[in-house]
Each structure stands twice: as structure tokens, then as C-alpha cells.
Amino acid sequence: MWACVLAAALGCGGESETKEGEHVTLQRPAAAVRPTEPAPTVAPFTPLSAPRLLRRMSLDLRGVLPSVEELDAVEADPAALEPILDSYLEDPRLANRLVDLLAEQWWTRVDVFDIVFEDYFLDPTQEFAFERAIGEEPLRLVAQVMAENQPYTDIVTSDTTMANELLGALWPLDYPEGAVGWRRVAYTDGRPAAGVLTTNGLMWRYTATRSNMNRGRAAALSRLLLCEDYVVRPVNFSAASSDVSDPERAIRTDPYCVTCHASLDPIAATFFGFWWITLYSRIEQQTYHPEREALAEEIMGVSPGWYGEPVADLGELGVAVANDPRFYSCAVETWTRAFWRRPLVAEDQPEAEALRLALVEADARPIPLLRAILMSAEYQAGAVVTEAPEVEARALTARPLSPEVLETSLAERTGFRWQSQGFEQLRNDDHGYRIFAGGVNGISVVEPAVLPSVTSALVSVRIGEGAGSAAVRQALADPEAPTLLRGLDLELEPEEPAFEALIDAAAWQLHGVRLPTEQREELVTLWAAIVPAVGPAAAWEAVVSALVQDPLFLTD
Amino acid sequence: MKAPFWALLAVGCAAPAVQTVCEEGGLLAEDGRCYDIVDDSAAPEPEDRGEDGGEGEDGGEGQTSTLPQLEADALRAAWDGPALVAALESAAAVGLPTPFGLTTAYAELMAQGDSRCPANPYELDGRFLRGCTADSGAFYSGVSTWIPVHRRTEFEFGVNGDFMMFDRDGRRLEVGGGVGWQAESREAPVMKFGMYVTAVWEGDPGPLHDGLSASLNGILTRGSGRQALEVDGSVAFAGYAFAFRRAGFATDCVGGSGSLELRDPSLGWHRLDFGSTCTPCGTWSFEGAEMGELCVDLSPMIQTYSDAWSTL
Chain A
1 MWACVLAAAL GCGGESETKE GEHVTLQRPA AAVRPTEPAP TVAPFTPLSA
51 PRLLRRMSLD LRGVLPSVEE LDAVEADPAA LEPILDSYLE DPRLANRLVD
101 LLAEQWWTRV DVFDIVFEDY FLDPTQEFAF ERAIGEEPLR LVAQVMAENQ
151 PYTDIVTSDT TMANELLGAL WPLDYPEGAV GWRRVAYTDG RPAAGVLTTN
201 GLMWRYTATR SNMNRGRAAA LSRLLLCEDY VVRPVNFSAA SSDVSDPERA
251 IRTDPYCVTC HASLDPIAAT FFGFWWITLY SRIEQQTYHP EREALAEEIM
301 GVSPGWYGEP VADLGELGVA VANDPRFYSC AVETWTRAFW RRPLVAEDQP
351 EAEALRLALV EADARPIPLL RAILMSAEYQ AGAVVTEAPE VEARALTARP
401 LSPEVLETSL AERTGFRWQS QGFEQLRNDD HGYRIFAGGV NGISVVEPAV
451 LPSVTSALVS VRIGEGAGSA AVRQALADPE APTLLRGLDL ELEPEEPAFE
501 ALIDAAAWQL HGVRLPTEQR EELVTLWAAI VPAVGPAAAW EAVVSALVQD
551 PLFLTD
Chain B
1 MKAPFWALLA VGCAAPAVQT VCEEGGLLAE DGRCYDIVDD SAAPEPEDRG
51 EDGGEGEDGG EGQTSTLPQL EADALRAAWD GPALVAALES AAAVGLPTPF
101 GLTTAYAELM AQGDSRCPAN PYELDGRFLR GCTADSGAFY SGVSTWIPVH
151 RRTEFEFGVN GDFMMFDRDG RRLEVGGGVG WQAESREAPV MKFGMYVTAV
201 WEGDPGPLHD GLSASLNGIL TRGSGRQALE VDGSVAFAGY AFAFRRAGFA
251 TDCVGGSGSL ELRDPSLGWH RLDFGSTCTP CGTWSFEGAE MGELCVDLSP
301 MIQTYSDAWS TL
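Sequences listed follow chains A and B, in order.
Just so we're aligned, residue 1 is where the first sequence starts under my numbering, counting upward by one.
Just so we're aligned, residue 1 is where the second sequence starts under my numbering, counting upward by one.
Next up, chain A with everything else stripped away, as it sits in the complex (with noise of 0.2 angstroms):
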């Protein structure tokens, strides 16, 4: 987006609306602006400590908090987070955080689509599965390119895709038999060779009516690989002069239509190997047409095109996306969005220029880049120290965890899942409570909430217990495992030394942070408040919870 909102401010542009409401048609500016005075920087602030800076790092790449060691390690030296900082940019669960970031912006891990799972005759237990499949499968790509530092154009020339055993049973894929798992494979129905462009789960969750002829996929594919939103532009329709009832010659001849359409339109052209007959038919929309190809100068009007570029099909077009600059500066936005935790503004493009030639000069391999982003002042950003405005403070500060981190995270360290009917209860609205968490469920809900609210209170409290029964639960059965109350005796009392032990490694497992004398004090208090009642295990349930409700925990 900073691309675009630095353009508009500068005041480029062809169509525009004057401050009266009267259209006037502008040239393109011949010369090119640049700020008479060094744009003002972000408000200064102060940098986390390193063992948050580690926590955020490791919930970030991995979904999981850090260890003992680890936390140990960086408070003695900080110097020691880079490294380990490297080690889980390797990580294997990284691709899987990319996917949950990804969701956040691609908007496909909806809790519906037109295809649902009765229409395969599945169990109901299966429905989660069956959606989040499909609506991963994009993201799944997206990640795997970038987990496993192949040039990011991949996501848009690969001639794989991303599936798992039940996508592999569904769709025309060459998923190997009995296998289980996300792996790569390769559509068998003869789509072209163009990353995400040709996944079933892009197409079905940008769908196309017979109407709409693929407009709506060529300007998701602008707002996702282009970071430039053709639903934003400003369009006057009161000042256009079409009869609305022709609206297929207006939008070649009306001078308000064709500004986006003559770049729109041959982009949707290319999707006609999408272009469905009939809506909610699994048969026409699993599998791709490539007779329908042809179709799309005869319904259209018009031929495949990349802004003026004539394309043969869709792997000409994600060629002609992966060379244009602006896939880059998008590649940039998105990913620093999605670990900066906010929109970027003009006041950021030295920063995102910067971060735009990590990708670059490292031949578009994307581990550079998130390792520049991981590494820039504001990614590493803790308080602000100057009188900035209220909203951009909080704006840089405020990290709530996603619903996605807060379920990972809590069941690595405490084995605490939310689960009902085989779904997962922090990722879906059907039955869970995503969107209740800050999350976004991809229709209704585009962004993350970056404020609590009563709802995520309610989810903390919830979580909270689950986690302090689950963790009670998950020590007693093996003491000595590493799990957050390592070592939990319920013989233990709070004069003794290894009860404050326990009290503290939870909290610094579960903060980052060393637990502060007087909150120790609190929980212990609260600990012997509850034992008369129901008993020591019960009270160490209510310290987990109590440690897990703490805005440390809920934040990073």
C-alpha cells in the first residue's frame, strides 16, 4: 500500500477528482517530486528487551515460545539472539506461521465457499479440515517458497501447488497414495504453470459469476501481488454519463469505467480456464477448462493482457507479474505488514526501500528479507518515548497475539487444544471464537484487531483455564518432561524455595520477563486462597491461568 499512498500524496495520477467534486482529466506528471524537507521518522521509542525481542521473534517465525535456554541465553547476552534468530528462520514450523500471517492479508481462510463439504459427501467432522484445506492451499505455496528460500517469483511461475492428503483425494492432483500430509504436487487437468494463480483455493475463494467475467480475481490478484487495490480508486458513477443498463459498452466507453477496466478487463481475460457455468457445482469447480480459454475475446471483447502486454494464458501472466516492479515493492509491504503489525505509511519508505533491496539483491530469495524485517528498529520496537500521537503509539506498540499464536504457543508449552466437533476453536467463527480472539475470518473481518476488547477478554479467560488445567495435567503426568510447571509437586509449599522456582520459570517462560517480587507475592496469595477450597492442583491451575490472562503473555 505504500506504494500507493505515497503516490497519491504526491499527486500522480491520471483521472482525479478536484476538491469541488468536478472531474477533470490530468496528465500523468512528466517530472517526478521529491519532499523539500526529510520526511519526519516514526515516533522514537525504545527497544524491547532482549528476551522479549527473543519472545516476539520466536512467536513470530514459530508460533511457539521460546526456551529456558534460550531466554537464558539472550538476557545474559544479547548478542546471542541473532543466532538463534538464524536457527528459527530454519525452522520447520516456520512455513506454518507464514501461512497464518498470510491469512491476515489474502483473506482465504474463510469458513465457507460456494463448494462445501457435503457437496464431497464428507463426515461432518471433517468440515474444519475440508475448509481450511482449501483456503491454505494458496498460502501453503506462498510459504513453502519462502520457508524454503526459492525466489519469490515462484509463487507465481511454480508449476506446483500445495495439497495434503485431502485435497490430494478430491482434486485432479498427482497427491501419491497414502501419503499424508501438505507436500508439493501438481494438477493433472492441464492448467498452466502459474503458482498461486492457478490454485483451486485462490479461484474458489475469489470466485466469479458469469456476470462478473474473473473482474473481481484480476483485482484481487492487483490487491495481493500488487499491493494496489482497484476497490479504492475513486470512481464518480454520478458523473458518468453510460446508461447503467448497458453496463458492458460502458465500461469500454465511459471515460469513468474505462479507467480501471481498460487494465482490469484483460487481466480477467485471462482467468476464462476459471470461468464457471454454474456456481456451487463441485464438478465444474474443481477441475480447471481449458477450453474456456478461448472464450474470453468472444464474451469479453477483448484479449489476455498484462497492462497493455499481450499474454497467452495464465503462465504468460504470472511471468508478467513476477517482472513487474511492483511485485516486489508488494512482496516488501506484505510481509513487513505482517510482522510490523500495521499498514505501511509514506514516513516508512526509506525503511521498506531498504528492505525492497534485501529482496532484490538477494535474487527475490525471501529469508533475507524477513531476517531485514526481524532486524529493523521498528520490528524491535518496545515503548515510545516521545509525546507521539495517541493512535500512531499505539500503532507501533501495540502486539496483541493472534488467535492462531496463542492456541501453538499454549499447546507446545502446556498441551492446552481447543478443539469441538474437529474444529480448532481460535480458527474458525463456525463454532470457535476467532474473530471474539482479534483474528480475521476473511469476509467480514480483513483485519486484525490491534486493541482489547471484551470479547478477547472472555477468549483470555477461557484459554486461561484451559491452559492452567491442561498444564497442571501435562506436569503431573511426567514431571520431569519440559513443559511450563517442569517439575510440579503439589506437596509444595509456598515457603519453600522450589515453589517460588516453579512460580517464577512459568512466568518467565510465559513473559520473557523475570516475575517482579510483588506480582509473586499476588499469585501466591491467590495460590493459598484457593487450596483450602479445592485442593493444590486447582490452585496451580489458577496460577497458570493468571499468568496466561496478563497482558505479557497476551501480547509480544
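FRET-style restraints, in silico, Cβ to Cβ: (1) T283/B to T209/A: 30 to 40 angstroms; (2) L312/B to Y280/A: 28 to 38 angstroms; (3) R93/A to E71/B: 34 to 44 angstroms.
Since the hints were made in silico from the structure, they are not lab data.
Glycine included, every Cβ here is placed at the ideal spot set by N, Cα and C.
Given chain A's structure and the hints, the job is docking chain B onto it.
Frame of chain A; chain B shown alone:
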């Protein structure tokens, strides 16, 4: 590091914006700041990127690195002339899929139902979206519309819907979309038809067995001992993907008329233009590049229609 603003302009100027000149002579932006107008003559044009396609490196402020440039694999036809002829004649031997195959299969499978399942002898009326099994063992799910129930002429058939059935032997008929055909009477000289459908019928000995995808309409005519077929649209069957533009085939024509396109294994398209009347040879092009003249016997293409019409 400063931004290469010329690059920004190149990539981000799609959004219209207000342009106002500020007192200092620059452009007043929405953020209230004034921006100097800078001569962009030093900024390379997109096509001025040098041999490697890069954006140039001025070594100073605004420096950028070379953008990787990918080359689209040039489409090279896998089929040469003889191979293309062989492919066309192979497809013609299979015969152009007809609506009759689907309507016949549909009628056969509906006849295996009973008063409980699917409870309607002609249509799946929505009662069994998730399926039911008849006493015969046949399975029905989805919705369908059987055109004869609603027909406007004496001789009008077709089926629309989104349904899946299995016959008593476990063979699947699945349809998304619809097919239909219409004539004034059984003996009428003209029949119109349309196929807008993806379908598979595992009991079909022909191309329906492996699936059909069609966006096709056409006219079949007969008289004076001759039958002729003209089609528009596209169809994929038996591993071939065709597009037709007023393509004509006839029982007394070796070649064809109009034009047809056939997708090459390389994913490019061959095109044959025959002209407005039947000729045995057409002008062959691949992805717009003229390849010469090609002669091909497409007369069997109509056979499936001739056979079906004669038996109706």
C-alpha cells in the same frame, strides 16, 4: 536511504489524486507538505533498463539493484502438421459430444428410482440434496430440471442441474450445468442444441466416460441426403480442447468451414480457418503465427449427431 521516487511513480500512479500547486511552487500533497517538482530526465524509462533489464545503478541516492527478469517459455507447438492432423482426426473419430448422451443417461438413471427415492420420476426436486438410495440400489443427490416437463415445443429435451447419481451398478453420472436440444418435430429439418455443462457418465462407452466440459451451441440440419452441423463455443473431451467459431461439418464435406482451434500439449492453440464454405484444407496458425495450409478429414465429427438424430 532515500526512495527512488521516479520508481515509485512508475509503480504507484494508478490512483487518481488531487494536484494542487503550493506557494513554494511544488505540489501540495494531502499530508499538507510541499513537494518539489524534480526533473525526471535522469530517471530511466521502463524500457531503458539496459540489456539485463535492470533499472540502472547510478551509484547515488535512489540507487536500486537489478530486478530479476524472467522469460516466459516461448510457446512451441508440440504437434507439427502431421501430428496435428492426427490429433484432429483422432478427435473427429471419437465424435463431437452430443446432448443426447447426457439426456439418455439421465432418463435411464431416473428410471431406476422409486416412489421413495428420489420420489419424483423426472426431477431431483431438492428433497435429497445429500442423497438417497432407491430400492434398486441407485443413488440420487442434488437438484435437476428435466426439460420435457416444461417444454414449449413438441420435441424439446434437456436437463439442467447440479447433481450426482450412481446407477444400480455403481456407475456415476455427475452434471453441473445443462444441455438441451429442440426441434419442431421428430421429422423437422432443423434442430438447435446447447451444452453448457461439465459432466461425466461412467457408463458411457464414448467420451462422456472420462468427462466432458462444454460451452457450446449449434444447429443441426438435414435434407437432400445430407446432414450438416454448425457449432460455436468450446468443448473439451477425450483429452482434446476445442474452440469453434461458426465451425461447420457435414456428411458430404471432408474438411470443414468456419474456424476451429485445438489446444496443443504445450498449452498453446492451433487454429484452422476454412473459410465460409466447406473446404478440405484450411489455413493453419499457431498462437497467431501462420504455419501454412493443412488438410484434414473432419467428416466423422458430425457422426455422433447423425447417429443420435436418426435414432430419436
